[in-house]
Amino acid sequence: MSTSNRKISTPLDEKTLKSLKAGDEVLLSGEIFTARDQAHKRLVETIAKSGKPPIDLKNKIIYYCGPTRTPGGRVIGSCGPTTSSRMDRFTPQLLQIGLKGIIGKGRRSDVVRRSICKHGAVYFLATGGAGAFLSRCVISAKPILFKELGPEAVVRLVVKDFPLIVGIDSKGQDIFKR
Amino acid sequence: MKKINSEMIRRAVAHLCVEANIKLRRDVCAALNRAVKNETNARAKRLLKQLLDNARIAQADKVALCQDTGMPSVFVEIGRDVNTQGLNIDQAIQKGIEDGYRKGFLRNSIVSDPLLRPQPPKFGPGVIHYDFGSHQGLKITVLPKGFGCENKTQLKMFTPTASLDEIKKFIISVVKESGPDACPPYILGVGIGGGADQAVLLAKKALLRPLDKSSSLAHVARLEKELLKKINQTKIGPLGLSGATTALGISVLAAPTHIAGLPVAVSISCHVLRSASVHFK
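Line by line, the protein sequences are chains A and B. Residue numbering for the first sequence follows this note's numbering, starting at 1 and increasing by one per position. Residue numbering for the second sequence follows this note's numbering, starting at 1001 and increasing by one per position.
Careful: at least some of the hints might be erroneous.
[What the hints assert, rightly or not] Below are the DSS-like pairs computed for lysine-lysine, each with C-alpha atoms no more than 30 Å apart in a straight line:
#, chain 1, residue 1, chain 2, residue 2
1, A, Lys160, A, Lys49
2, B, Lys1049, A, Lys177
3, B, Lys1062, A, Lys160
4, B, Lys1045, A, Lys21
5, B, Lys1176, A, Lys177
6, B, Lys1281, B, Lys1103
Just so you know, the hints here were simulated from the structure itself, not pulled from any lab data.
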């Protein structure tokens, strides 16, 4: 059922996305973008107004995360996932413009699950409450958008072997509905 | 007792904020270790070990256990020998929170207005509760609870003739509704009695009791034991991915209530239950 420690890298191509099954455990390397409540609100508002997002999200991965502040000499502070369901109201619009991966924790609505399936994307789970552990997998972190939001700014992270479990796969299979 | 000044309180609170957020409570660590031993599901066992690794890394790297460093609740217990003259306890605590969160590189998660939500968020204020007791000295406890689990808090106003079974069902339903979303395995604080306000406060205060202690009231201790068993039978498991470990502990506090009512409040804590205390004597 689960493929332990399979390594995947960004950008996730169609073949990789299709091969991932709910329950698979993977180690992700590459580029991901943090965004949570306020950043989602602004992204979706901008798309509604101008037809395109302020950053290119095509084939990208969003991580629902608002890290602690970064102590000197470190790449990032504690950086675990936040509850995904709060972003349910915004997710279909982002999948519509090409978002292919989402990292968070907990359940998604049926609307989101169907939208993930429709767009051939994947929803990953990271270990909630393991922010210190996960911070060791982050190689670089650079705020790129909405910096005035502080912990809710969009930050470009480069991660190495970031441990994830496939929550909803591109066929719409949901790990919490088995 | 020794004379206390505002500066001592400020420094102590700053230290407690950092300690609570970086060093996992010893009783929670012990409960996680027990859970690893008892867990039968292989993935759940692996995830529980990851949580213990997280606690070790947080302490070694001096980085917060969880990125959500909470909205700090501060419980102040003022003993009868404490002379509060000349003290500005409220201000000292709020300044201590700000110092601690700043120096500890904790997250600024507080917006000063819940509707306008001005950005960026700030370090405080925290929420302070004062109790005057018959003990000696001044005790301050900081409980920085994350909001993923705080959002799962529920209050139900039962009628006085409600059965114990109905109450149990409600408490278990709160866990089921939280499901995988609020970082299980959970710790439950339950407040029964008082008015609505006291029930919710008791539920949160219940989280301060060490997990290896049970209620001193026999009928309440029985209820705790039975609820813990039933909650673990839900098999929600770590991260909600199934397993024998859905809750690490449950603590119920009861208080006098009105003949017409029976308030029950449930405060769910994620597995990163954080608190730290100081006692000035």
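(request) Mind listing which of the numbered hints don't hold for this structure, in increasing order? (result) Hint check: 1 fails alone, others pass.
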